[in-house]
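What follows is each chain in one-letter form.
There are 2 protein chains.
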Amino acid sequence: MNFSSKLLEDAVAEFAKLPGVGQKTALRLVLHLLNRDKEEVNQFSKAITKLRNEIQYCKVCHNIADQPVCEICSSPRRDKSLICVVEDTRDVMAIENTNQYNGVYHVLGGLISPMDGVGPSDLEVDTLVERLAGNEVKEIIFALSATMEGDTTIFYLNKKIKHFAVSISTIARGIAFGGELEYVDEITLGRSIATRVPYENSLTR
Amino acid sequence: MNFSSKLLEDAVAEFAKLPGVGQKTALRLVLHLLNRDKEEVNQFSKAITKLRNEIQYCKVCHNIADQPVCEICSSPRRDKSLICVVEDTRDVMAIENTNQYNGVYHVLGGLISPMDGVGPSDLEVDTLVERLAGNEVKEIIFALSATMEGDTTIFYLNKKIKHFAVSISTIARGIAFGGELEYVDEITLGRSIATRVPYENSLTR
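As given, the protein sequences belong to chains P and F, one line each in that order.
Residues in the first sequence are numbered from 1 upward in steps of one, following UniProt numbering.
Residues in the second sequence are numbered from 1 upward in steps of one, following UniProt numbering.
Hints were generated in silico from the structure; no laboratory data involved.
Hints are supplied without guarantee of correctness; some may be wrong.
Straight-line alpha carbon distances no greater than 27 Å define the calculated DSSO-like cross-link-like pairs of lysine-lysine that follow [claimed, not checked]:
id, chain 1, residue 1, chain 2, residue 2
1, P, Lys80, P, Lys159
2, P, Lys17, F, Lys6
3, F, Lys80, F, Lys138
4, P, Lys17, F, Lys50
5, P, Lys38, F, Lys50
6, P, Lys38, F, Lys38
7, F, Lys46, P, Lys6
8, F, Lys59, P, Lys24
Generate the whole structure from the sequences, applying the supplied hints.
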């Protein structure tokens, strides 16, 4: 693209580095910011710099937090004997929004993915093992994506922690609520028949 | 959404103000920035603040520029007797990319749109009239969107400038190159028959 201004070109190039943002979208966003008040634009860039410079990660569960220990880990009402292992903070938010979970979390910070060069040492694995060594934990729930990377990570972590006296579970996989059978893929449908649950159990949501 | 951090929430809220960016996309972009180096994030926000604070608009054509008069207006190789009237800088870039136009531009900064509260006084209309009063201009080309707002703006501007001794034209409307007739809407197809051009003329691209 032929930019009429170097400043404009630089700003567009920076926006285009964001995932899923191409040159045209970047230009649209930058022109939108140009039409906003200077004060608002300063607030925008300050919020980002401040986040990057001042963000903390909870010492216990490694979730994004404003304090050294996050609200969930420091809450007396959460069940510390139950740890849900997730990939990142988005998964914590998704599970919190269900209002169905009262335990604590452990944020791995990614999934094992040799293709992307992510190995176990890049994730918060050692600290998970340390938490289990404390004897307070009774159950571990793996709530990872149902992908190759998620399965690999569960396989690896399971090997690491199976000698502890904790029960290990993964979240249920099957047909989504509201899902129509004819549109479900074969693997999910096949597995959901193999891992069928007694009717009474399925009613307790 | 339940954010675990106020800093994160603020940054997401700022991103979600951008057009076409919802809460989920904003969160994805913000988490991406969190994983980047501090230096890179500072560069990102500095590029935006710098653009907003230091940007200039060309005194002649009102296009975005780094100097008081933009490169196109100050170039001795451009034909100053031909002015192309466009909505914003994106249109200038689009036309420049064709390499078919050697005149100069006039950037209105928007289109007349009563629905959005944009009237003629919000656009660079008076400065266009001033440019025409200088007697140097021979032709005006309206290259505005083929929408209600674009047509209204052309109608208004035409009334304002028709007493000057300049020829007034609009860019040609019709079937796009590579377009298949059966997918073209009725209005475009109907008008393209009514405004048909001699075969010889259609060959000179």
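Check your understanding: Between lysine 17 of chain P and lysine 6 of chain F, is the straight-line Cα distance small enough, at 27 Å or below?
Key -> holds (25 Å)
Point to revise | Pair hint lysine 80 of chain P and lysine 159 of chain P, alpha-carbon separation not exceeding 27 Å | key: At roughly 22 Å apart (the allowed maximum being 27 Å), lysine 159 of chain P and lysine 80 of chain P satisfy the hint.
Check your understanding: lysine 38 of chain P and lysine 50 of chain F: Cα distance at most 27 Å?
Key -> holds (10 Å)
Exercise for review: For the pair supplied as a hint, lysine 46 of chain F and lysine 6 of chain P, confirm whether the alpha-carbon distance does not exceed 27 Å.
Suggested key: holds (14 Å)
Point to revise | Proposed proximity, lysine 38 of chain F with lysine 38 of chain P (alpha carbon, max 27 Å) | key: Given that 27 Å is the threshold and the Cα spacing comes to 23 Å, the pair holds.
Check your understanding: Within 27 Å, alpha carbon to alpha carbon, are lysine 80 of chain F and lysine 138 of chain F?
Key -> holds (9 Å)
Practice item. Take a quick look at whether lysine 59 of chain F and lysine 24 of chain P sit within 27 Å of each other, Cα to Cα. Key: holds (26 Å)
Review point. Does lysine 17 of chain P pair with lysine 50 of chain F here, judged by a C-alpha cut-off of 27 Å?
Key: holds (18 Å)
Of the numbered hints listed earlier, not one is contradicted by the structure.
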